[in-house]
Amino acid sequence: MHNRSRPRRTVTSMRNVGTRCSGPGPASLAFPPDPNDARRSRPVPARTLTQYLLDVGGDDRRGGCAPILSAVAVSVKVTAAMISRGALVVGGEDAPPPPDRVVNVRLRRLATRELLARTASLPSLAAVSVAGSQTIHQVCETGRYLLAYEAMHGMANLADNLPIGSAFSILARTHGPGPCTAAEFLQPGRLQVAAGIALYGPRTTLVLTTGEGVDGFVLDRDVGNFVLVHPGLRIPAESRVFAINATEAPFWPPPVKRYVEECLRGAEGPLGHDFSMRWNASALVGAYRVLTRGGLFLAPATTRPQGWLAPLLYTADPLAMLAEQAGGSATTGSQLVLDVQPDDLGARVPLFLGGTAEVDRLAGYVLEHAQGHDREFSHPLFHNRTLFAD
Numbered sequence: 007m008h009n010r011s012r013p014r015r016t017v018t019s020m021r022n023v024g025t026r027c028s029g030p031g032p033a034s035l036a037f038p039p040d041p042n043d044a045r046r047s048r049p050v051p052a053r054t055l056t057q058y059l060l061d062v063g064g065d066d067r068r069g070g071c072a073p074i075l076s077a078v079a080v081s082v083k084v085t086a087a088m089i090s091r092g093a094l095v096v097g098g099e100d101a102p103p104p105p106d107r108v109v110n111v112r113l114r115r116l117a118t119r120e121l122l123a124r125t126a127s128l129p130s131l132a133a134v135s136v137a138g139s140q141t142i143h144q145v146c147e148t149g150r151y152l153l154a155y156e157a158m159h160g161m162a163n164l165a166d167n168l169p170i171g172s173a174f175s176i177l178a179r180t181h182g183p184g185p186c187t188a189a190e191f192l193q194p195g196r197l198q199v200a201a202g203i204a205l206y207g208p209r210t211t212l213v214l215t216t217g218e219g220v221d222g223f224v225l226d227r228d229v230g231n232f233v234l235v236h237p238g239l240r241i242p243a244e245s246r247v248f249a250i251n252a253t254e255a256p257f258w259p260p261p262v263k264r265y266v267e268e269c270l271r272g273a274e275g276p277l278g279h280d281f282s283m284r285w286n287a288s289a290l291v292g293a294y295r296v297l298t299r300g301g302l303f304l305a306p307a308t309t310r311p312q313g314w315l316a317p318l319l320y321t322a323d324p325l326a327m328l329a330e331q332a333g334g335s336a337t338t339g340s341q342l343v344l345d346v347q348p349d350d351l352g353a354r355v356p357l358f359l360g361g362t363a364e365v366d367r368l369a370g371y372v373l374e375h376a377q378g379h380d381r382e383f384s385h386p387l388f389h390n391r392t393l394f395a396d
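Converting from the sequence shown to my numbering requires adding 6 to each position, the first position being numbered 1.
Any given hint might turn out to be false.
As the list claims (entries may be wrong) - Have a look at the derived ranges for each label pair, beta carbon to beta carbon:
| no. | residue 1 | residue 2 | range |
| --- | --- | --- | --- |
| 1 | Met283 | Pro185 | 46 to 54 Å |
| 2 | Gln341 | His379 | 33 to 41 Å |
| 3 | Pro256 | Ser127 | 46 to 54 Å |
Worth flagging that the hints you see were computed from the coordinates, not collected in a lab.
Using N, Cα and C, we set each Cβ at its ideal position, and we do this for glycine too.
With these hints in hand, go ahead and build the complete structure from the sequences.
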């Protein structure tokens, strides 16, 4: 008997949608496309800030602030472009580089001017107050809202090519139609309708809340719009990171010294685990890290006159609203930031912002110290001496 060679049969993969199998059988055997495959491969369209604000605009309570948020976002985009040019904004390409101070002042002036120009014709906005100025910029006498704005937070970081930011707060007007006064801005942060921050760094980030959670956007320069990348931000419940300016350690109040030293003791200390310390001289950057990674940001009052405190209306209140809306907390040490009644446009407060458990622990240390119940913290390595000078 002779073995006849049988023709080889070629079969393409049956996993491929719509392919044919050659060989015995029907001349044209095809598989219908699986709709689930199409859904899995189809990219989910990114939600832009424009779409987000359309939803806000449909809300009776928040609708009037949507055009204000849009104007702020446009101002942030223009400001980001100016910051990316740095000293070129002042001197041009062929001019000698100006001093950093000159660049910073010029950029802040341009950013403020841009914000005022974008909001100048909004019928829902009554007035704008800018950090560092007692001037109230009138917009529309029948407007329902007020805007407090900090154009350039952490300007000193520009010299080192580090992120800086902007912060804003939207309040409902307390008086009827007519020219707006500074007194109308002096409201506790609990009455904010919306708030947010913008960070200018490797990417331009906008984080905002309208009282229903916190959402984070990144500027897509290709399309010229902000795209939602962090919906429903929540501060992680546990984190082993804290941010504080360690160069001011000798001037910290005792409760802050106690908190920091307990963190520095690490796994052998009362907290039972190691901590990392961060600092970049910006409350906005520190707050953003807390929102996305957890931890605690500390800016305490110090015993030296030149110590930094957070501007209440322009920095502390917006950050506190973001923190609480993201499931965290913000306190001055003795009072929730959002409950503080400002007595002046330039009011400043200490700021402790982070997860609720850590903020409450620090606030407890402050209370114990005020009541005289706390004890001087001691490190066994140094016997009864602390790591920091009194």
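message: The hint says 33 to 41 Å between Gln341 and His379; measuring C-beta to C-beta, is that right?
response: Once the Cβ atoms are compared, 19 Å apart, the range 33 to 41 Å for His379 and Gln341 is violated.
- request: Could you see if the CB distance from Pro256 to Ser127 stays within 46 to 54 Å?
  value: Given about 51 Å between the Cβ atoms, the range holds.
message: Taking 46 to 54 Å as the stated bounds, is the beta-carbon spacing between Met283 and Pro185 within them?
response: Cβ of Met283 to Cβ of Pro185: about 48 Å, so the range 46 to 54 Å holds.
This entry does not satisfy hint 2, going by the numbered hints stated previously; all others are met.
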